[in-house]
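Top to bottom, those sequences are chains A and B. Everything in the first sequence is counted per our numbering, starting at 7 for the first residue and increasing by one. Everything in the second sequence is counted per our numbering, starting at 7 for the first residue and increasing by one.
Because the hints were derived from the structure by calculation, they are not lab data. Given the structure is predicted, the values throughout are model-derived calculations rather than measurements. Just so you know, not all the hints are guaranteed correct.
Which copy is meant is left open, because identical chains are indistinguishable; a pair holds if it fits in one copy or across any two.
[Unchecked claim] Distance condition first, Cα-Cα at most 27 angstroms in a straight line; then the derived DSS-like pairs of lysine-lysine:
(1) K378 / K218
(2) K218 / K162
(3) K378 / K58
(4) K480 / K168
(5) K540 / K480
Protein chains: 2
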Amino acid sequence: MSDKRFAVASEQSLMRVFTVPEAPDSTLSKIEAEISSNLAGFLNENIAAVEKPLHEIERDFESAQVPEEPMFVSAHAQDIMEKLVAHSVHTAAPSFIGHMTSALPHFVLPLSKLMVGLNQNLVKIETSKAFTPLERQVVGMLHHMAYGREQKFYDKWMHSAKTSLGAFCSGGTVANITALWIARNCLLKAEGDFKGIGAQGLVSAMFHYGYKGLAVLVSERGHYSLGKAADVLGIGRDNFIAIPTDEDNKVDVAAMRKEARALEAQGIKVMALVGVAGTTETGNIDPLNDMADLAEELGCHFHVDAAWGGATLLSNNHRHLLSGIERADSITIDAHKQMYVPMGAGIVLFKDPSATDAIEHHAEYILRKGSKDLGSHTLEGSRPGMAMLVHACLRIIGRKGYEMLIDKSLEKARFFADLIKSEADFELISEPELCLLTYRYVPEKIKARLQQADEQTKLDIYAALNRFTASMQKRQREAGRSFVSRTRLTPAAYGYQPTVVFRVVLANPLTSKAILKDILAEQRELAASDPMYKKYLSKYL
Amino acid sequence: MSDKRFAVASEQSLMRVFTVPEAPDSTLSKIEAEISSNLAGFLNENIAAVEKPLHEIERDFESAQVPEEPMFVSAHAQDIMEKLVAHSVHTAAPSFIGHMTSALPHFVLPLSKLMVGLNQNLVKIETSKAFTPLERQVVGMLHHMAYGREQKFYDKWMHSAKTSLGAFCSGGTVANITALWIARNCLLKAEGDFKGIGAQGLVSAMFHYGYKGLAVLVSERGHYSLGKAADVLGIGRDNFIAIPTDEDNKVDVAAMRKEARALEAQGIKVMALVGVAGTTETGNIDPLNDMADLAEELGCHFHVDAAWGGATLLSNNHRHLLSGIERADSITIDAHKQMYVPMGAGIVLFKDPSATDAIEHHAEYILRKGSKDLGSHTLEGSRPGMAMLVHACLRIIGRKGYEMLIDKSLEKARFFADLIKSEADFELISEPELCLLTYRYVPEKIKARLQQADEQTKLDIYAALNRFTASMQKRQREAGRSFVSRTRLTPAAYGYQPTVVFRVVLANPLTSKAILKDILAEQRELAASDPMYKKYLSKYL
């Protein structure tokens, strides 16, 4: 009897979760109100400044049992404030300049809630209706931003059932994979008795076309997702050939041409060239026009990974930096990077609206031929209506607003570069072309010592400086006041040796020049107390 | 001068977007308040009941120009209420039983906002911190739900830097691709001089291992994403062999064994068997234990696509339906289906924690060896913290709550099946094993006519019934009161001919028995006035 009463009571309370909104005075509603009225304050107050070691955080996430009993929403909310929110990363903080995440425009918060409440599924019209034309428009707008075709072109193709001007993706990796999937399938298309690689697979395709292998050529600064694409698509990471870059971290197109010719002489077909428009590490842009020329010579696909740099096309003052991108067969852009959209919005664009024919697929219950279901041209299936947030940003910020944000970020990077160069104990490693730069801290005495060192000593000091830089970066992160990331480059100034550097991305509109000065001051302090300095560097003085 | 004033003013207004929250009395805040206090009412009032034709909706999304000038948030909000929200699909409506989307628990709305506000990037610890252990715990909980290993196992592996018990994905398609990517790479692993398919590609791998081809065997009811996986991975759609199903839409394992043996006799290696645990069209579960036996015999990977059915494991009363799943090498589960999480939460689980070694990747600036960055074992790169919503649902609903939801949905499906069978003019096509079923409307007179028809007349009537069923489904959707989807099956009752059927998914906890009765009543009315009935069916009477 009591058991049955319990069951009835809990069924009712369970149903309430689906029918009764959170009360305005509930713990969760209070948290939400705080986010709504003062997001920056909420993040500053609730994210712990000093880093808790990961192994301690893990203790709060140890049980592998789905809890048997339901839990009150308020208890859960309280719990995650302490265990999750407090130990998150303050990605929006203006002094956290090591990531590609930034402060977000406030309006995306209520709009995200609307998006979740509507819970559309963009795989098909039947679960998205107006969201499908909206997503097609967003893709069309970005296509226009990159390729600048006349409105007539968009009138014809943007809402066409047969084609797609691009595909919305969860992120740049899926966008890059989709682009190269299409490149592969277009190259190895159906012909005569051969039904195409999509149907018969890679081995039959190579046999049919008589290629000994496939290769993709990309700058050594290409994003690691390209290696993943090579693996997934069956081409192999070794056949994604890294081409050296020049002093400015731009790919050497002459070297690329030489490599391509050598491969073709061996019967290896160059499937695609990948240009990078904003390398992840240094923000440099490959010579896209030269690459487009080479791709034409080779008769191969030309993809541009503009996950980071694509937004620069919105600035009339700087879009020339990406000149040649309009000649690319496909382009990756991440709206969750410098377009200030929350995480989860990658896009791949196709110059030719029929490019997606190469990957078209259908099913009995959806994606029927002739339908406008977006899912027939995407790698992913069910997907949320993230396009709604890109649409909102494009309209509310507008092209001119983006231009201002982008111009400011480039100007800020220039300022920071000059500041670094003016300080005797800092060293700029890569000049900013967009709003990324790399640098390091090298005590003046070490600089002087390096001047007179023999080759072996130089190498030893380089190794010590690497340890020191990595240690400083880690300690700065742990202190929690600011954050720069780190990577490893091979600059000429260090004899092309692997060189650990600080990396910064200056896209957050809230990052001020004063903050940048503070970051250098903090690093100078950290350097003075760094254990790696004492252990490995001081002996050279 | 005035130009400069304008520029300053707009820079200020632009910055306000990043610094000043939406005012409580703004249009967007009012919309948000309505969602918070009465989501169901908001959706009912703001989504237009009667369908507007798609080509008319498209007119509102025609321009391919990124707007030059910024727009007020309030103007944008107003605009999307009329143009987007009004013409969205009411996926949460209890009478919309044709999708796999359902009403959501209310607490996911404020939590989604928190997630967006925190804007973590799960690719690496540096941009997610506590979110990484949280995601590992969620994956661990689902692993435990499926594989039920002892806590010691999870203590060892759940937070290990070297391994992953699974991967969080944007959806089931990426989960299925990831599983088969791993299966492919494990099969064609490094050996001797061969560096593995990941490095050298598929052609070298086949040459090294001496296979003439690869094949994957799956039920003819397998999800279309598996074909996509075959294409992407270079195996080819033709080498994903569809095996017939029995009367209950479960794969015929004897036929699968025969096919596998025939392939192996030709030198074609069976790379994987894929079992379906909840087919998309009928909700049936393949004989997983028999398939596991066969996979052992063949020495191949056994993947189970439980995107839909996986949640059933949370019910102790029904988890036996998926018996054998614990023998699978990998399992796909979609939390945005019957786990009531918003769109965008797929998961793939691996029995063996070292499975992801086959796809491990690193980069200079993140995913360094030894780091706990989740991105070194995922197909995707940057990803949002969706795991937070799965975590919340698992804790707040609890296993017992899920059990109740799942048991109720199965009971409701049983009720609806019996109801359909009790009506003389309806016909149940597939019995519900989970909460999916298919049926159609066949006027009694037509049923009688079919009894006496010769073969050709039967086929003609079948074709006419197909047109009639498709027309009814479309008209019901357009009327906007309720929604069932449709698919095409080949039931024995229709001589294995392609047969268009209504398909329903009864997972929405708010769908009542009264609503189900109304849906049949509405369909009976629609049938009476259907133009396809008059045009193609009436002549047989």
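*For this structure, which hints from the list above don't hold up?*
1, 2
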